[in-house]
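Engineer: In case you want the letters, here they are:
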Amino acid sequence: MSDTPNTASTFDVEAIRAQFPALQQRVNGKPLVYLDNAATTQKPLCVIDAVNQFYRVDNANIHRGVHALSARATEQYEAAREQIRQSLNAAAVDEIVFVRGTTEAINLVASSFGSRLKAGDEILISALEHHANIVPWHLLRERMGIVLKVIPVTDMGELDLSALPALITPRTRLLAVNHVSNALGTINPVQAICAQAHAHGVPVLIDGAQGLPHGLVDVQAINCDFYAMSGHKAFGPSGVGALYARRPWLDELPPYQGGGDMIETVRFDCVRYAPPPAKFEAGTPNIEGAIGLKAALAWHAAQNWPAITHHEAQLLAAAAIGLQEIPGLRLIGQAAHKVPVVSFVIAGCHPHDIGTLLDAMGIAVRTGQHCAMPVLEQLGAATGTVRASFAFYNTMDDVQALVRAVHRAHDLLS
Amino acid sequence: MLNITPQAAIDELKSEFAFFDDWTDRYQYIIDMGKALPAFPADKQDDAHKFYGCQSQVWFDAEWQNNRLMLQGTSDAAIVKGLIALLFRVYGQQTADEILATTPGFLDDMGLKTHLSANRATGLMGMIQKIQTLAAESKKTP
Ligand SMILES: Cc1ncc(COP(=O)(O)O)c(C=O)c1O
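As they're listed, the protein sequences go chains A and B. The first sequence runs 1 to 414 under the working numbering. The second sequence runs 415 to 556 under the working numbering.
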């Protein structure tokens with residue numbers, strides 16, 4: 001027997017697809033080709049079953065009941081926290097705060113961390129950010145007079161880190177960048193960015209919405225202070241996600257929202273907060289979401305990751321090569337390190353028209369600005385792009401279907 | 415153009431569309447309708463006449479002439495522009511009463527529902543609401 005594992009033979013994409021009921025349908029009479037995974041992924045049966053099972057059998061509120069169902073619900077909810085810890089490789093389970101998703105995680109930091117800032121303090125983001133990592137800081141600017149500074153992006157769609165030393169000043173309080181760009185697919189060198197920021201005593205928040213689905217996360221190796229993620233982009237339910245924060249931050253920062261579950265004692269003259277992470281989790285959370293997310297992440301972690309990485313790279317390369325044969329097509333974002341996302345424009349064809357025609361052919365893509373207007377404007381795609389974003393359940397046939405369909409759309413529109 | 419009722423225009427469109435069994439022909443027809451739309455005046459292609467959509471833009475203007483609503487419009491996207499032309503065939507040059515009696519539900523029957531169902535993406539829904547609002551307002555002001 002050979003001792004080099006043959007990744008192709010140990011990765012059976014059809015066996016993976018068979019676990020996704022939503023992928024088995026026809027749309028507009030054609031087999032669905034789902035290429036909008038950066039917006040949200042489909043869910044495997046184990047996730048659907050876990051949510052279903054919770055409501056059929058275990059439904060109760062957590063952390064407060066004396067009865068059996070509440071104990072079961074609490075146990076599963078806390079097991080979900082432990083699963084997230086493992087998937088992010090956090091050092092301790094109490095560094096995981098449940099939130100609605102990446103957007104809420106960033107808003108939590110902007111609110112709690114932001115409350116200690118003063119006018120003139122600087123937050124450093126990048127030109128590659130999703131609106132979820134721009135607008136919360138903009139709100140803070142309006143409220144407190146902080147200054148927002150922006151790391152520029154090169155025409156290839158990579159962060160221009162040569163600009164970083166000049167952008168970090170004695171007033172820089174936080175650097176907040178994404179792990180992977182949703183609009184372009186660029187994988188940012190977050191570990192190096194953290195090292196540079198920390199050298200100046202600046203903490204770092206990573207928007208990890210697009211990082212986890214592609215198996216890229218190890219918060220200890222990245223050495224970030226905060227990491228934000230969304231369950232729905234990693235095969236889990238929507239409306240649940242997590243903020244990882246290094247424990248000293250969670251001790252130090254004030255709570256985000258007030259309510260039940262986040263307090264130890266309440267008197268009208270004095271409230272004692274619960275220790276983290278409960279301190280940041282006011283009210284009844286998305287319990288079934290957390291339980292579904294646990295199933296998703298356990299399933300995700302059990303996959304053959306070297307084979308998936310290889311498969312995703314093949315999908316990306318084939319899509320880029322196939323699409324570039326189409327006359328007038330320009331890929332937007334050609335970073336050296338990318339997840340399987342292709343964003344493109346075609347001269348003379350509006351992205352929305354292309355997306356509409358692809359939908360008629362059963363192919364789901366996203367068109368528009370992908371909540372990332374600034375970077376698309378810079379790269380000359382202000383009216384938006386067509387974005388095909390792959391998950392590892394996509395196949396080479398999906399790539400071929402996409403390329404054929406874009407050819408047809410182009411013919412119809414020109 | 416001889417004026418027909420909105421319902422007659424809808425029936426006409428439906429029979430034209432029934433003729434196509436291939437989606438490509440249907441979209442080709444919509445795109446061609448857009449190409450045939452009278453040019454939208456360049457000086458009106460501004461924010462005041464724009465319906466913002468996060469995917470495509472719609473520019474629009476309307477004016478009453480002899481109690482009938484004259485419509486002008488365009489879009490940066492070819493299919494949206496074609497859908498504007500299609501909507502104008504139904505709502506253009508109609509009276510306020512006729513406009514108010516005609517909901518855009520007929521698009522469902524034509525397989526074009528996804529373009530409008532609560533869809534703010536294209537700006538088209540905003541245009542239809544504006545046409546309805548103009549008709550409703552004209553009935554209030556004698
Ligand atoms: C890079 C990035 N950040 C943040 C978000 C926001 O995630 P959510 O809508 O799940 O909160 C997204 C989702 O599209 C994203 O891609």
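Hints are computed from structural coordinates only; laboratory data are not their basis. Do not take every clue at face value.
Pairs of lysine to aspartate or glutamate residues, derived as DMTMM-like cross-links and limited to a Cα-Cα distance of at most 25 Å, are as follows [as the list claims (entries may be wrong)]:
| # | chain 1 | residue 1 | chain 2 | residue 2 |
| --- | --- | --- | --- | --- |
| 1 | B | Lys449 | A | Asp397 |
| 2 | B | Lys428 | A | Asp359 |
| 3 | B | Lys449 | B | Asp439 |
Engineer: Next, verify each hint and record whether it holds.
Structural biologist: Hints, one by one, checked against the model:
For the proposed pair Lys449 of chain B and Asp397 of chain A, the alpha carbon gap of about 35 Å is over 25 Å, so the pair is violated. For the hint linking Lys428 of chain B to Asp359 of chain A, the alpha-carbon distance of about 22 Å falls within 25 Å, and the restraint holds. Note on Lys449 of chain B and Asp439 of chain B: the hinted pairing holds, with a Cα-Cα distance of about 15 Å set against a maximum of 25 Å.
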